[in-house]
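**Student:** Each chain, letter by letter, is given below.
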Amino acid sequence: METAHTDKNFEQKLNHLTDNLIKMSNIVEKQIEIAVNVIKSKDSSDAQTTQNLDEQVDEVERDVRDLSFEIMTLHRPVASDLRLVFTALKVSKELERMGDHSRNLAKRAISISSSFDEDLTVQMHNLGKGVQKMVNQTLESFFKKDEVQARISWNQDAEIDRQYKSLLSDLIERMHNKETSVVDEGTKPILIAKSLERIGDHATNIAEEVIFNITGHYIDLKKSDFE
Amino acid sequence: MVDQNSNYALQTSEVYVHYGKKMAINNVALNFPKNEVTSLIGPSGCGKSTFLRCLNRMNDVIDICNVKGKFLLNGNVDIYSPDIQVETLREKVGMVFQKPNPFPKTIYENVAYGPKIHGIASSQNELDEIVKDSLHRAGLYEEVKDRMDDIATGLSGGQQQRLCIARAIAIRPEIILMDEPCSALDPIATAKIEDLINELKENYTIIIVTHSMSQASRVSSKTAFFHLGNLVEYGETGKIFTKPDKEQTNDYITGRFG
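As you go down the protein sequences, you meet chains F and E in turn.
Residue numbers for the first sequence follow our numbering, beginning at 1 and rising by one.
Residue numbers for the second sequence follow our numbering, beginning at 1001 and rising by one.
Be aware that one or more of the hints could be misleading.
Result set (SDA-like, lysine to any residue): computed pairs, CA atoms no more than 20 Å apart in a straight line [claimed, not checked]:
| id | chain 1 | residue 1 | chain 2 | residue 2 |
| --- | --- | --- | --- | --- |
| 1 | E | 1243 | F | 72 |
| 2 | E | 1243 | F | 194 |
| 3 | E | 1243 | F | 78 |
Derived from the structure by calculation, the hints contain no laboratory data.
Just so it is clear, the structure is predicted and the values come from calculations on it, not from any experiment.
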C-alpha cells in the first residue's frame, strides 16, 4: 500500500479522482451488461436505461477532466501521481466511448425484428458476453494495479476480433444467399457486432494505459507475443 | 596529467563523511557529466549539502568533519591530494551560496577580486574585460554597467545572486557548485537564475542542491536523491520525475515522505 501524502488536500483529490473512475467503470460495465442482454431480450425499457446511464457517464467524465486539470494546475503532480492523472484522463475517455457504443447497440438491437435468425442472435450475444468479460477483467487490472492481468486482458482482444470476423462473414454469406430475415434487417446486425468489437478495442487501450500506469512505459505490444 | 577524454568533470566513489561520530554520508559514488546540470535533492539533513561541500573542500574548515573517499577532477586529479592547494582547487570548482553574499565593496571590485588574487589578469584592461564578460555571462551587465562603482549590497536580492555567479565565473572555473541559489529569491529572480543556469551549462558543469522539486526538474538533466546520508537513486531527471526506480524516491518527490 502506498504511503499517505503529507498534503492531505492533494491526497483527498487523488482519492476522489480514483473514486470517480471506479464510479464511471461501474456505470459503463452496467451499460454493457444491459446492452448485451438487450440483443436477446429486445427490451425497450432496458435500451432506454443504457441511454440514461450514458448521461451519467458523460457527467462523471466531465468531473474527471475538471479534477485532473485542477490537480495539474494546483499540485503539479510528478511520478506515480502524474501517471495516475494522465491515465485517468485517457481511461475516462475510453470508458465514455464504450458507453456510447453500448447505448447505440442497445438502440439498434430493439429495432431488429423478433423473427431474426436465432443462431446469429446467439452469436452476437456470445460476442457481447466475451467483450463484457474482457472489459471487467481490464478494469479490475486497473484498480488492482495488476500488470499481468492487464496483459492477459489485452490478449483477449484477438479472440474478440476472431469472433467478430466470423460473425461478419456469416452475415455477409447469408445476405448473398438472400436469407430473408437477414436481408430485411439490413446493416443493423453488422453495426451491433461492430459496436461490440469497438468496445473490445477500447478495453485494449485501457489495458495499455494500465501497463503505463504501473511501469511508466508504453509497451509495444504485439499479438504474437501472446500467441 | 589530466585526462581530457573523460566525459565526467568530477567522479566520486566510496565517499564517507562523519561529523565527529555522526555519519553524514555513507559510501556514496556519484559522477558528474561535463556540461550538464546535476541536481542533488532530498529532505533536510540527508547529506546533500555536506556532499556538495566535499566537492571543493569546503568541509576542510570544519574541525570535526572527516571526509574519506575518492574525488577525481577531469578523470585523474585527486582533489584531496596533499599536492593540491585548496585555492587552486577553488579556481576550478567555484561555489554560489544560498544567500547572496557580495563583499561590501563596489560591483566592479566584487567581480575583479577573484581574478586579482588568482593573478588571472595581467593588465587593468584585461581585468576590465574579465569583469565585463563575467557580468555579461551572468546576465547582469546591462543592469549595472552605469553603476559599477556603486556598493554591491545596494542591488536587489536577485541581482546580488547573479553578481555572486559573475564573481564565481570570473575566475574561470570548470565546475560551479550551487547550494540552494534561489531559496531567498522571488519567482522572477528565480526564473532569471534558472535561465542563466541553462546558458551556463554550455561552458560549465553545474551541480545544484535544491529543495524545490520543480526547480530540479526544470534545470537539471541528471538528478540524485539522497536520504539519511545514502544516495538512494541517481538518473535522468525526466525518468526520476515520471517513473523513479525506487519507491523511496517516488514517496519523496510526490510528497509522501513520512
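**Student:** Checked against the structure, which of the hints given earlier come out wrong?
**Tutor:** Failing hint: just 2.
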